[in-house]
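*Asks:* So the protein lines, in turn, are chains F and P.
For the first sequence, the working numbering begins at 1 and goes up steadily by one.
For the second sequence, the working numbering begins at 1 and goes up steadily by one.
For the record, the hints were derived by calculation from the structure and aren't laboratory data.
The beta-carbon is built from N, C-alpha and C at its ideal position, and this holds for glycine as well.
Some chain F residues flagged as far from chain P (calculated, every beta-carbon gap over 12 angstroms):
(1) G38
(2) G179
(3) H191
(4) P193
Pairs of lysine-lysine residues, derived as PhoX-like cross-links and limited to a Cα-Cα distance of at most 20 angstroms, are as follows:
(5) F:K25 - P:K32
(6) F:K286 - F:K331
(7) P:K196 - F:K119
(8) P:K181 - F:K25
(9) P:K154 - P:K52
(10) F:K372 - F:K316
(11) P:K81 - P:K65
(12) P:K200 - P:K50
(13) P:K225 - P:K100
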Amino acid sequence: MGDLQEYFGETHEMVRQTVRRFVRKEISPFVDQWEEQGEFPRELYTQAGETGILGIGYPQAYGGSGGDLFVKIAATEELMRCGSGGVAAGLGSLDISIPPILTLGTEDQKRRLIPPVLKGERIAALGITEPNAGSDVANIRTRAVRTDRHYVVNGGKTFITSGVRADQLTCAVRTGGQGAKGLSLLVIPSHLPGYAVSGKLRKMGWWASDTGQIFLDDCRVPADNLLGAEGQGFYGIMENFQKERLQLAVMANMTARMALEASIRYAREREAFGRPLSGFQVTRHKLVDMATQVEVSQEFTYRVAAKMEAGKNQFKEISMAKNFACTISDKVTHDAVQIHGGAGYMREYLVERLYRDNRILSIGGGTQEIMKEIISKQILN
Amino acid sequence: MNIVVCLKQVPDTETQIKIGPDNKSIVTDDIKWVINPYDEFGVEEALQLKEKFGGEVTVVGMGPKRVTESIRTALAMGADKGILITDDALEGSDSLATAKALAAVLKDLEYDLIFTGQRGVDDDMGVVGPALAELLGIPNLSLIVKVEAAEDGKSVKVNRPVEGETLVIESSLPALITAQKGLNEPRYASLPGIMKAKKKPLEEKTLGDLGLDAAQFGEGARKLKILEMTPPPERAAGKIVEGETPQEKAAELAKLLHEEAKVF
Ligand SMILES: Cc1cc2nc3c(=O)[nH]c(=O)nc-3n(C[C@H](O)[C@H](O)[C@H](O)COP(=O)(O)OP(=O)(O)OC[C@H]3O[C@@H](n4cnc5c(N)ncnc54)[C@H](O)[C@@H]3O)c2cc1C
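Take the sequences, apply the hints, and build the full model.
*Replies:* Structure, rendered in structure tokens:
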């Protein structure tokens, strides 16, 4: 018999415990309140920063905590246990906005723009999506025109996670001509004149995360904040996507797992026609299907992550993993609400939130359809 | 000030415990293991004393290999080195045998203070701490919620809550303290701490290494035998008090509280 491949070792378990305790103490008791308020307190960033949770996966040289992809996965899984995808998304907005700085930035930019975010002192967001450019990233219209030491930026971004409170925005702008080649990434501090923010966008799920719209009106950004060379923006954005998709797959798997666990508990407790729901074969079999799907999806995601960790290109596979995980979490959260009956429609029950929070996962970080475009190009061309 | 903290690994308090087919043990397959919460108070207190007085904090654990994870967690919190007593012959040892094994490690260490938890949250015996102090011939300060060490680091003043009052005890060092809830708020192992802990020394010792006789340990040597484990009784269904008026309901409730619940 060959060796059993384990993805999580001692370090991962220790990280898991730290994050689990952090969640139990600093998040879970307040999470319902934050959901209703539509945001969590800023201090949560500094607390998570001090504990080193925000720094997972980033080099120690820039204030990171180090750790491989599975440390990140363990931490994300435990963070999701708070039951609010919005809290995880809000704390996680740095994970989409910092990587391009690491990939394209100069030493000076890394030292300036990364450590305060990993400490939780500054909130970082990523601004790609515009009212007229979502999936079609290459169609971005926000324009940045170079003067001698600045870029003058005009345009706007929408649906930006942590966008209302962000102190810095890693922002996709057009510095050149049409199409992908004309795009660049610019880090824009939110205190600059010409940078304005909408109120919190009201949305279906992720309530505890402040999603905002950003308006850039003759905003003069120091040219020092351009990441890489002009025209490297599209590459920076695409590089970023692999890990974001992994992150979303992990979130989908955890959403499904929690919905499953809540359903098992409920099916044991709730009685109808003189017996617990778990006494009906229909319910039992439904729970079995849910459990099987969650297990398979999680294992596949882990496998793809292990290959990514080993340095293999997984562009196709991670898109498959994200799509698969989201399809499963769509199905499982739907069934979980069904098993809960009317209670599943009530805010008091976790599955109600899981059902809503889940919906974004197959839209953000590249929609289900865009994932399929990526996969089809690889298997057909 | 050199401090030793003895640490037990126990099932996470939020784990659903299942009794095994032998009715004498629990199913350990899916259990998440953590540091016994009372021991964690000991780790935290030791770290705070170290921050004040300097010195080293050594963590000693006993059990299967998985216990290294808990010891490393204490190292990640800030302890300096760890020792794990691990030996197949230890499986099933009772509290007294555990104290003997710990004493064998401790006699070779330099220490001013020893912390144990006041009890393990798994078996709730509360024996290891006092037994260890006895074996080492040092004072035992049980159920402590406050520790103040003298400036010269030669004695301690500690508080034990007794029936709503506080007993203040002074002791020379070395001494053993069993930690009670309320002593402090343990820190988390931070991520940088966890990464650093990988490089801290963690030694493993077998009974042979400690010069101990395997026959005195394990299931066979137990002075206390577990006869049976039973789950707590299921909670009975609630009762709805009947009555036409509030007065009637109150009277019925009072009657039930008196006759059935026997609260007065
Ligand atoms: C809660 C939330 C948080 C977000 N956070 C961020 C953030 O932090 N930063 C950021 O930049 N963006 C963020 N977004 C935006 C998100 O990335 C986009 O919504 C997403 O990429 C889809 O773009 P779109 O909304 O413009 O949809 P569209 O691109 O208009 O798509 C509409 C539909 O058409 C389909 N479609 C589009 N093109 C094709 C095609 N070629 N073939 C087949 N079907 C196609 C899509 O799959 C989709 O079903 C967030 C969105 C939400 C809802």
